[in-house]
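Participant: Sequence:
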Amino acid sequence: FELGGTSIDAIRLSGLVRSQLGFQLPVKTIFESKTVQDFSLEMEVDNSCVIPMNEESDVLSFSEERMLFLSEYDDQASRAYHIPLALTLHDGVDVDVIKRSLEWLVDRHEILKTGFSSEFLRRQVLDKSVVELAAIPILGDFFNTKFNLNTGVPVRVGYFEDTNHVKHLIFVFHHIAF
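This note's numbering puts the first residue of the sequence shown at 160, with every later residue one more than the last.
Under the rule of at most 20 Å between Cα atoms (straight-line distance), these lysine to any residue pairs were calculated in the SDA-like manner:
(1) Lys305 with Ala336
(2) Lys305 with Ser276
(3) Lys258 with Glu320
(4) Lys326 with Val256
(5) Lys258 with Leu292
(6) Lys305 with Gly317
(7) Lys187 with Gly164
(8) Lys258 with Gly311
For each label pair, taking beta carbons as the anchor points, the in silico distance ranges come out as:
(9) Arg177 with Asn309: 29 to 39 Å
(10) Val289 with Asp255: 16 to 26 Å
(11) Phe190 with Gln283: 32 to 42 Å
Since the hints were made in silico from the structure, they are not lab data.
Backbone N, C-alpha and C define an ideal beta-carbon position, used for all residues, glycine too.
Could you build all of it, start to finish, from the sequences and the hints given here?
Facilitator: As structure tokens, then:
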């Protein structure tokens, strides 16, 4: 900044880096860097994966709008978008460990904790995981229960024990999650 840079220039540069590179560069870092080399080294320090910001990413696609509409107004058509997955659990599998693993999985994949607003036609990522693992009393109901995508998330998980005392872990995903 000895060559004529101002605080306004630093703010503009920070905004340009954020919009072009998807990297959050604090204005303070710009001021503290004595040379361009120091400045570039500061940017390299953060080795984390940077996901470029896309302000339009929360707007629903036409396909998502269609699935959301069907989930609200046509139960039978909506069920066509249910994707079941059943896993057989071995003896001794701890359900609490599965619950913790499920929480980790949902926290890692935003789509599994995303609600869809038909009013605003946007996605909303929930801060906290709302997917729960519960015993399934009636298997058919679990597969066929309609998803409320406005207030819930596009996945259900449960477990049940069959007549042979074999435990099964059941997932039902709504296609909107894929």
